[in-house]
Amino acid sequence: MLRRRWLWAAAAVLGACGREPDLVVYCALDRDYSEPILERFEQHTGLRVQAQFDVEQSKTVGLVNRIIQEAARPRADVFWNNEIAHTIRLKNLGLTEAYASDMTRGIPEQFRDAGGHWTGFGARARVIAYRADRFAPGEGPPRSVLRMVEPEHARRGAMAAPLTGTTLTHFTALAVLRGREALLEWLRRGLDNGLQYGGGNADVMRRVNEKDLAWCLTDTDDAAAARRNGHPVTVLFPDQGPDEMGTVLIPNSVCIVKGARHRSHAERFVDFVTSPEVESLLAAGGAQQIPLRPGVAAPPDVPVPGQDFHVATIDWNAVALQLEERRRDFEELLVR
Amino acid sequence: MSGPRSLLRAAWPWWLLVVSLTAAASWLPLLPTLGALFSADGWNALRDPRLGALFLRTLWLSALASGIAMGLGVPYALLATRTNVPGAALFALLMPLPLLLPPLLIAQAWHGLTGMDGQWAAVLCLGLAGAPLPALLTAHALARQAAGAHEAALLCGGPRFAAAEMLRSAWPAALLGGVLAFLFAAADFSVPDYMSFLAEEKFFVYSFEIFNRSREADFRGGAAAAAPLVLVIALLLYASLHWRDAWSGAERAAARPAPRLRVPAGRWLLLTAALAGAALLLLLPLGRILYDTGMAGPAATEAWLQRSARAFSDALARGRGDLLRSLQTGALAGALVLLLAPWWAAQLLRLGRRRQRLLFLLLALPLLAPGVGFGMGAIVVYNRDLFGGFYDSALLPPLLMAGRWLPLAVFLLAERLQRVPANQEEAAQLAGAGYRLRLFRYRLGVQRPAWWLAAALVAVFAVREIDLAILLPAANQSAAVRYYMALHAQRDNFVAAFGLVMALVLFLPLMLEAAWRGARARDER
Amino acid sequence: MSAAPLLELFEVSKRFGARAILDGVSLRLPAGARLTVAGVSGCGKTTLLRLIAGLDAPDGGQVLLGGAPASRGRRVLLPPWRRGVQMVFQDLALWPTRSVLQNVADALRAQGRSRPESDARAAAALARLGLGGLQRRRPHTLSGGEQRRLAFARALSLEPRVLLLDEPFASLDPVARGEGLAFLDEVLAATAAAVILVTHEPAEARALRGDLAVLRDGKLLPPRPCSDTCASDAAFAAALLG
Numbered sequence: 001m002l003r004r005r006w007l008w009a010a011a012a013v014l015g016a017c018g019r020e021p022d023l024v025v026y027c028a029l030d031r032d033y034s035e036p037i038l039e040r041f042e043q044h045t046g047l048r049v050q051a052q053f054d055v056e057q058s059k060t061v062g063l064v065n066r067i068i069q070e071a072a073r074p075r076a077d078v079f080w081n082n083e084i085a086h087t088i089r090l091k092n093l094g095l096t097e098a099y100a101s102d103m104t105r106g107i108p109e110q111f112r113d114a115g116g117h118w119t120g121f122g123a124r125a126r127v128i129a130y131r132a133d134r135f136a137p138g139e140g141p142p143r144s145v146l147r148m149v150e151p152e153h154a155r156r157g158a159m160a161a162p163l164t165g166t167t168l169t170h171f172t173a174l175a176v177l178r179g180r181e182a183l184l185e186w187l188r189r190g191l192d193n194g195l196q197y198g199g200g201n202a203d204v205m206r207r208v209n210e211k212d213l214a215w216c217l218t219d220t221d222d223a224a225a226a227r228r229n230g231h232p233v234t235v236l237f238p239d240q241g242p243d244e245m246g247t248v249l250i251p252n253s254v255c256i257v258k259g260a261r262h263r264s265h266a267e268r269f270v271d272f273v274t275s276p277e278v279e280s281l282l283a284a285g286g287a288q289q290i291p292l293r294p295g296v297a298a299p300p301d302v303p304v305p306g307q308d309f310h311v312a313t314i315d316w317n318a319v320a321l322q323l324e325e326r327r328r329d330f331e332e333l334l335v336r
Numbered sequence: 001m002s003g004p005r006s007l008l009r010a011a012w013p014w015w016l017l018v019v020s021l022t023a024a025a026s027w028l029p030l031l032p033t034l035g036a037l038f039s040a041d042g043w044n045a046l047r048d049p050r051l052g053a054l055f056l057r058t059l060w061l062s063a064l065a066s067g068i069a070m071g072l073g074v075p076y077a078l079l080a081t082r083t084n085v086p087g088a089a090l091f092a093l094l095m096p097l098p099l100l101l102p103p104l105l106i107a108q109a110w111h112g113l114t115g116m117d118g119q120w121a122a123v124l125c126l127g128l129a130g131a132p133l134p135a136l137l138t139a140h141a142l143a144r145q146a147a148g149a150h151e152a153a154l155l156c157g158g159p160r161f162a163a164a165e166m167l168r169s170a171w172p173a174a175l176l177g178g179v180l181a182f183l184f185a186a187a188d189f190s191v192p193d194y195m196s197f198l199a200e201e202k203f204f205v206y207s208f209e210i211f212n213r214s215r216e217a218d219f220r221g222g223a224a225a226a227a228p229l230v231l232v233i234a235l236l237l238y239a240s241l242h243w244r245d246a247w248s249g250a251e252r253a254a255a256r257p258a259p260r261l262r263v264p265a266g267r268w269l270l271l272t273a274a275l276a277g278a279a280l281l282l283l284l285p286l287g288r289i290l291y292d293t294g295m296a297g298p299a300a301t302e303a304w305l306q307r308s309a310r311a312f313s314d315a316l317a318r319g320r321g322d323l324l325r326s327l328q329t330g331a332l333a334g335a336l337v338l339l340l341a342p343w344w345a346a347q348l349l350r351l352g353r354r355r356q357r358l359l360f361l362l363l364a365l366p367l368l369a370p371g372v373g374f375g376m377g378a379i380v381v382y383n384r385d386l387f388g389g390f391y392d393s394a395l396l397p398p399l400l401m402a403g404r405w406l407p408l409a410v411f412l413l414a415e416r417l418q419r420v421p422a423n424q425e426e427a428a429q430l431a432g433a434g435y436r437l438r439l440f441r442y443r444l445g446v447q448r449p450a451w452w453l454a455a456a457l458v459a460v461f462a463v464r465e466i467d468l469a470i471l472l473p474a475a476n477q478s479a480a481v482r483y484y485m486a487l488h489a490q491r492d493n494f495v496a497a498f499g500l501v502m503a504l505v506l507f508l509p510l511m512l513e514a515a516w517r518g519a520r521a522r523d524e525r
Numbered sequence: 001m002s003a004a005p006l007l008e009l010f011e012v013s014k015r016f017g018a019r020a021i022l023d024g025v026s027l028r029l030p031a032g033a034r035l036t037v038a039g040v041s042g043c044g045k046t047t048l049l050r051l052i053a054g055l056d057a058p059d060g061g062q063v064l065l066g067g068a069p070a071s072r073g074r075r076v077l078l079p080p081w082r083r084g085v086q087m088v089f090q091d092l093a094l095w096p097t098r099s100v101l102q103n104v105a106d107a108l109r110a111q112g113r114s115r116p117e118s119d120a121r122a123a124a125a126l127a128r129l130g131l132g133g134l135q136r137r138r139p140h141t142l143s144g145g146e147q148r149r150l151a152f153a154r155a156l157s158l159e160p161r162v163l164l165l166d167e168p169f170a171s172l173d174p175v176a177r178g179e180g181l182a183f184l185d186e187v188l189a190a191t192a193a194a195v196i197l198v199t200h201e202p203a204e205a206r207a208l209r210g211d212l213a214v215l216r217d218g219k220l221l222p223p224r225p226c227s228d229t230c231a232s233d234a235a236f237a238a239a240l241l242g
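Residue numbers (the working numbering), protein chains in the order written: chain A, 1 to 336; chain B, 1 to 525; chain C, 1 to 242.
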């Protein structure tokens, strides 16, 4: 009797040990959106992919740190980031490998590395989402990110605290564009005027859904989720005036990790994930990611950059260099 | 006969295996944390005023959570086990269930119910999540009160005096439960993280610092930061164990169970109080989450039922793989505990009180460290060439989960083994049975259900563990992590449905055990 | 006119399931009386004491204390703590989390006495029974004999009208039992309460003196002086078995 029990246990232990994967992908894009793409890659190539996903609290940073700490003995072959700045950080640390993929042609230069170390694809735009039924006639949400802190807007809106994820990248980009001191002063004004700094983009979106607030600064994928859940939310692309900077677009990015154990498979994955087919899939998925290439098939409610809105030009290398310092600045200001 | 068979009969090879496995599961991952106690850096870190303030905040927030846990748990235990409240058996059955839920699920539900956020909300949710600990220990102590002691009190001073004496007899156990609730609250990362995430006014607790250190420095720094917390909680646990031992005296199971307090005029009042307790601890949160499965905005085109059904089918479709992996991890952790717990439980009972407490503390160390600290320690220790593919394999998470929750299993089993007369084992010894046989066949004897229950509990805790799983690469694809991630994104229906599916999976072993126990009691009658 | 008996039982019955443990038991006990109730194991001796104390309700019949109804039918009219009845339990029922002094003083305080008065009375009761130096100890650290003394001290300090002793010397070795019986003499001298002792040991019945009533098949046979029935172990056994 006892012996049979141990046999069961041994079988369970053996069952727990799977075979070696053909490709290890560290993936910071939400698992629900990325997993179908990874499965499709497996179907296309017959390769077995082992994916490690990031967790929300440490969004991106967890996997980036893991790559840094595993530098001597890399486990990841490819890093699929849900934003761009931390990928460039890895490149600056010498932890990526160059790969000139034919597939990246057509992607605007702003969103790919000249040396082939990283490539952007399928992006989210930083938008103002609002409920029209919360405004009286003649009123409306701020039309520029810079005007969000003005008293008439600030007390009715929210943004995620820029400590992680796309909001950190966005605000580091603003610091690059406008200078550190000006941005910190801007954040302080927001605090003084009652602008709420929420936990994340989904959180501030939820508050607008529940009519606690009239508007929020968020990502297009969160606004899409709100609409899908039956909330009457409208999206506004900020800073579209002739002299304004344009809307910040933050793409996914992919790079091959230095010392990748499955280099050739990693290249195939980069070819696949930056292809128009995947951009189209990401656009059609729940997150409604915006294709960077012109002419990629996408549902009609997915906006087209340059056509539906004007995209801000950002020096992503500078953003990557400043990212950690600005995070500490923001934490000092906003966390008690 | 000599050779392998005689080796198996001897105790020492088994002890070698048990100690090695326990060291690998429990103590090795703590080396980076405990090492910091012996380095100046570890202590200097606390001189940083910000860190010191965080440490103090964690202590008092946890103390408040523990107070709430005791304030709810002790009266609930009293109501369910020692009063004539209608449906007492059902209330007693509900008592452990909130403990099986991830505290994050409770936090999600209460945020949904009341919109609460911030540090006070975290305190309340951790208090509610921890309430079963004092409740269960109090209920256990109340059940062991000798009927005569209760009746003597009734004769001397009436029901009020008898109730006071009843509480006095359970107080050391209740306090130990309070300390455990404190421990769970201080070590928790996910609830303060969630409540801070939601709040306009952000706050930090100590476990955040441990987590954040891994961003700026490396995991070694994070693990080391956990050291002062481990030390404080260890001292507290030792003191409460000491106090319990000193106060409960030569406690033994009562031959005749003490009667329930009869409160004829107040039965409905008692029922209201018990219902309120059950609602606060379990029914309201679960009800809210059920509502969330079909909740939608005003422009939604589907009815609640349709959305809810879709959310459940979505949860099963997308989360099935994670649930299966979590169950595999839980089963393996439980299997490991089946092997380890009896040895340690039996060893505890061989020792004097002081050594017993010290050994228990040694076994409890992984539970005293915040899950994130323990996880980082494990990464520091196991993420090296020496261990090859083990670090990435599906075997590491169950090993660590078993180590982290082993103390609970040992605690439960030791308490049950204490009831087995020593002479049963001695008779087997005289008959020539080896140590292993004596332990597993005669010592465990009629306590086999407790043995399996202890393993099932560890399996359940392994499935619900979030903090450790979010750090450990091999445990990332688990139900708890999927839930954690989905909760922070904006997928309310899915989150709620997946949370409920998880709750059902977690409740199942305990429900089956209760049903089996009920059936056995009926057969015996 | 003769005074009403202190304790009266009329046709008291108690069943556990299908089994009638007590079947129409009647008894009259005057103040200060001494009665041994004897019977074989499981015959209902402890149940009888519990009905008198009010810890259980009878299924039928009446219990009167000082002429006033205490239980009638299935109803307990006078709760245990208002009956003036104390009991020394077979397992002694000491409160494990309280010190020796507190075990007695708590009981006195529960009766409405102030803390200083309770402590002083408790200390005096303990000293009387030879536990003076052990006040701060906890019950489980006492010897078996000391624990028994403590149980008696607690019961006696409350000055009960009726003292019920439920086999208080069971499971003692012969030497300890001898000491216990000598101690019982001291106790009896110190109290004016009516005492009912439940036992199946002739020596204990002899030590109590008074009458012996045998409980057999649920019936309590009329009490007879112990000087007749307990004179020898053989006579006691004959009375017990009929």
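Hints were generated in silico from the structure; no laboratory data involved. You may find that some hints are simply not true.
[What the hints assert, rightly or not] Far from chain C, by Cβ distances over 12 Å, these chain B residues were calculated:
| id | residue |
| --- | --- |
| 1 | A11 |
| 2 | L59 |
| 3 | L154 |
| 4 | L155 |
| 5 | R160 |
| 6 | F161 |
| 7 | L167 |
| 8 | P172 |
| 9 | T272 |
| 10 | R318 |
| 11 | R320 |
| 12 | G321 |
| 13 | Q328 |
| 14 | N423 |
[As the list claims (entries may be wrong)] Listed next, with one range per pair, are the computed distances between beta-carbon atoms:
| id | chain 1 | residue 1 | chain 2 | residue 2 | range |
| --- | --- | --- | --- | --- | --- |
| 15 | C | P222 | B | L512 | 37 to 45 Å |
| 16 | C | E179 | B | L283 | 34 to 42 Å |
| 17 | A | P276 | B | R384 | 52 to 60 Å |
| 18 | B | T114 | A | P299 | 51 to 59 Å |
| 19 | C | E179 | B | L361 | 40 to 48 Å |
| 20 | B | P86 | C | A68 | 31 to 39 Å |
| 21 | B | V19 | A | L333 | 46 to 54 Å |
All residues carry an ideal CB built from backbone N, CA and C; glycine is no exception.
Honestly, which of those hints from before does the structure not fit? 3, 4, 5, 6, 7, 8, 15, 16, 17 and 18
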